[in-house]
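Visitor: From first to last, the protein sequence lines stand for chains R and F.
Each residue of the first sequence is one higher than the last, beginning at 1 in the numbering used here.
Each residue of the second sequence is one higher than the last, beginning at 277 in the numbering used here.
Since the hints were derived computationally from the structure, they do not count as laboratory data.
Careful, some of the hints might be misleading.
[Stated by the list, open to error] What follows is a set of in silico ranges between Cβ atoms, one per label pair, in the way DEER data are often shown:
| # | chain 1 | residue 1 | chain 2 | residue 2 | range |
| --- | --- | --- | --- | --- | --- |
| 1 | F | 305 | R | 269 | 31 to 41 Å |
| 2 | F | 390 | R | 105 | 32 to 42 Å |
| 3 | F | 396 | R | 221 | 17 to 27 Å |
| 4 | F | 494 | R | 269 | 34 to 44 Å |
| 5 | R | 98 | F | 413 | 51 to 61 Å |
| 6 | F | 364 | R | 75 | 23 to 33 Å |
| 7 | R | 217 | F | 280 | 41 to 51 Å |
Where a beta carbon is used, it is the ideal one built from N, C-alpha and C, also for glycine.
Letter by letter, the chains look like this.
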Amino acid sequence: MLQEIFAFEFMRNALLAALLSSVACGIIGTYVVVKKIGFISGGIAHTAFGGIGVGYYLGINPILGVIPFSLAAALAIGLLSKKAKVAEDTAIGTFWAVGMAVGVICIGLKPGYAPDLFSYLFGNILTVPSFDLWMIMLLDLLILAVVWILSKEFLAISFDEEYAAVSGLKTTALYLLMLCLIALTVVVMMRVVGIVMVIALLTIPAAIARMVSRSLPGMMVRAVLLSAFFSICGLWLSFLLDVASGATIILVAGFCFLLAHAWRLVRLSPSAPGLS
Amino acid sequence: MRPAIIECDRLSVDLGGVRVVDGVTLRVGEGDFLALVGPNGGGKTTLLRVLLGLERFSAGRVKVFGGLPGSSPGRIGYVPQRLFFDREFPISVRDLVLMGRLSKKKLFQHYNRLDRERVDEAVGMVGLERLIERRIGDLSGGELQRALIARALAGEPELLLLDEPTASIDPQMKASIYDLIEQLKERLTIVLVTHDTALIGRYVTKVATLNVSLELYEPNSTAGSQSLAGVAAQNPVFPNL
Chain R
1 MLQEIFAFEF MRNALLAALL SSVACGIIGT YVVVKKIGFI SGGIAHTAFG
51 GIGVGYYLGI NPILGVIPFS LAAALAIGLL SKKAKVAEDT AIGTFWAVGM
101 AVGVICIGLK PGYAPDLFSY LFGNILTVPS FDLWMIMLLD LLILAVVWIL
151 SKEFLAISFD EEYAAVSGLK TTALYLLMLC LIALTVVVMM RVVGIVMVIA
201 LLTIPAAIAR MVSRSLPGMM VRAVLLSAFF SICGLWLSFL LDVASGATII
251 LVAGFCFLLA HAWRLVRLSP SAPGLS
Chain F
277 MRPAIIECDR LSVDLGGVRV VDGVTLRVGE GDFLALVGPN GGGKTTLLRV
327 LLGLERFSAG RVKVFGGLPG SSPGRIGYVP QRLFFDREFP ISVRDLVLMG
377 RLSKKKLFQH YNRLDRERVD EAVGMVGLER LIERRIGDLS GGELQRALIA
427 RALAGEPELL LLDEPTASID PQMKASIYDL IEQLKERLTI VLVTHDTALI
477 GRYVTKVATL NVSLELYEPN STAGSQSLAG VAAQNPVFPN L
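Just chain F, with the same shape it has in the complex (with noise of 0.2 Å):
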């Protein structure tokens, strides 16, 4: 068995008095993808978050790299909705990807010429360099999204978590996106909050539908994994599928 990078035993969480994940036991080793899917509401964000450490969890246990959430950030790229912060916001695609390195630089320490390769190679990878110099409010959305992973990418990390990378981008954008994130599984642990169940199927090693509890899907070998698109999309909590 490939090692564990996140194990969560009989997690709970409550928000302001609501059980939003309620027992959930989780797996995710080294290499693998994960695709986390369920309904608005069905509390995938919420999982992403107490994985971060961002959350406080009530019951269960979770580990990350074989610690607690947060005791690991160098090794964790996180791509969260874009739609959380300020668009006008006075910075260029080369300053927003840098603050993927933040999680390597001590406190005080100004970023240097490998933070700034760094950068470059991870602009590359998700092509924006024609586009590094631009203002961020100047990109379009799924240029923007591309930016958010070239962030996460620039920390070198272990496993990334994306949450709803493609949320409100045209269809084209989200297959480009989809494509990238396939290179990225080679080398990377990946967990994915999506609603595009029909589009990952075909890249995936596991679902999991979380709605307040989850249930996982996950193949013996890897010819199943092409039925996990239908195991996800006849999942009666999709209407909208």
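One chain only, chain R, in its complex shape (with noise of 0.2 Å):
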């Protein structure tokens, strides 16, 4: 069965995008949950569909409009919500829709379809070029470097922004940086499951790992494993089923979160043997 789907060039390249994308999504995933961002992370996402417009209008790889453009609205948005006193989800809702119609303006006024718009929507994996695979490894590269780098100071504004400060540590330089990490992971995550659904992948395998996590490197390798089983399992289903396969990929981590917490419950609950 696997072999048979492997014998396809299209699913190595699909494979290998589902792989080497869960890295960048595990360890960026952590610090959107356990930092209780993931309304900006949808909202740096959303906004990123002005740079594929953009790269459209250009003519250039719609990837390469992505990346300046979700790395100007995290700053962007970061700095509103920090500096200007403008309620963090005002910021967060006004760049969303205004990403979004920059991306649709811009499609507009190129004459002519827009054959693979849908794929940056919603995800396409079983299309991803070498050039894009490439990117992905590139970008994950950086990610690894810099959270490598700045792991203590990663932690230490994740779990207490303001005893960060009274350390010494540039706060909001750091919170900034996370965000463009978060930026760069959405443009990594794009072609497997659509920055309309970025947010799901980024948060599920986090949020499960946590569970069982007594430190952020652990949930780190958790959240990398679990979601390179889902892109996986999604991506098999897809194949089997014949149905869309970002779509498929969300649908079996939404599934892994319920199942989860349904055994946390159960756990939990007062009846249940072994608690510890």
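Join the two chains, each given in its own frame, into one complex according to the hints.
Guide: Printed below as a string of structure tokens:
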């Protein structure tokens, strides 16, 4: 069965994309979950659609439009909510919609039909070109390097930003950098599940991992493995059932999320034996 | 006179247009143990936050270690109210206390063996050796409070700022935390925000009541400190005591 699937080159590419993107997704998703910035991440992801539109309009690979656009969105949302006394959810909501509007206008201005637009919105892991694979790998390495170098600082601002500030850390700069890493992760995930559904795959593996982890590195490793598991399961199911791959991956992840919480409820209920 | 660690001169703080600290003049010398008491909303936490450089002040002057607040992070240990962060955070006591070494490290620098030794010492000092690998979510309130004190101590501070370290802890635990603080006062300058005026009287060298404005009770001799608890307890700003 599996051999049959991987006889196709596009399936091998899809598998590689799924595994590579799981790395960024599990590591950055861990920060998103413990720092409770899921809504911000969703905002950055949707604003990134503007970058796809700009990319189309300029006739370049949309991924090259998305990277600067989503980084700018991350910085703008972060600065606006930290410095300008704008309520964070207002800042996020504004950018969310404005980014998408820019994308729609740009795509409308470009004559002709935008054929694979749908795949950026909802993901199409089966059509990942090798240029995008290299890009994903590069961004993975960048994210890994930054997180490795700044692990103690990121832990400090995630746990207790005020204590981090008292300890002399530049917390705003570190927070903005963290948002930029989220923006790059969105770019990485875009091909797999699309920008509309990125937020689910960014949060679900990390949220499940948190239930059984005692440290951030432990949680990251588990989240990466879970993310890879969801992606591969979803990919396989979508091949069997001939349905959209991105949506299937999200449904697998969502189903496991419910299962994990059901398991937790059963385990924590007073009647369950073996409570420690 | 002992060298000054904290100097406030007619310090005022406004938060959202409301004056929460008004014209506070205060001097804390090396080795002092100041208890800051007063009603909720009296500005105690705000004053601590100003000393830490977290809050701006609107008038007056403040010096901490002779410089601006926030300019000497490596010399201050801070124990915040423990209700302010996520207890479900996946972090062990060891990694929590390790965070106390942050102020001693440069950006990009990873923790090393010296840092880990200091953590072991600090955890030993507060008596949490057995629980060092435990996730903080599995600690009791008193144990978590000790872990937070250990975090402050791991940074080898000269000044310790504690913000209500015994709030919502059972009385027995309270006493043990005050015993711990008493040991620390031998080598540290301490500012303690608290409601437990009855318990602290025998430990402190100064008591200040802060209810927007500040009043200081400072004994001339150590014998005088016996009566400090009485001063605070009889003060009309504490209807609950």
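Visitor: State for each hint whether it applies.
Guide: Hints, one by one, checked against the model:
1. 305/F <-> 269/R: 31 to 41 Å: Violated, since residue 305/F and residue 269/R (Cβ atoms, about 57 Å apart) do not stay within the stated range.
2. 390/F <-> 105/R: 32 to 42 Å: 57 Å Cβ-Cβ, so the 32 to 42 Å window is violated.
3. 396/F <-> 221/R: 17 to 27 Å: Distance hint for residue 396/F, residue 221/R holds at roughly 26 Å.
4. 494/F <-> 269/R: 34 to 44 Å: 57 Å, violated
5. 98/R <-> 413/F: 51 to 61 Å: Taking Cβ atoms as reference, residue 98/R and residue 413/F lie about 39 Å apart, which means the hint is violated.
6. 364/F <-> 75/R: 23 to 33 Å: 29 Å, holds
7. 217/R <-> 280/F: 41 to 51 Å: With a Cβ separation near 43 Å, residue 217/R and residue 280/F satisfy 41 to 51 Å, so the hint holds.
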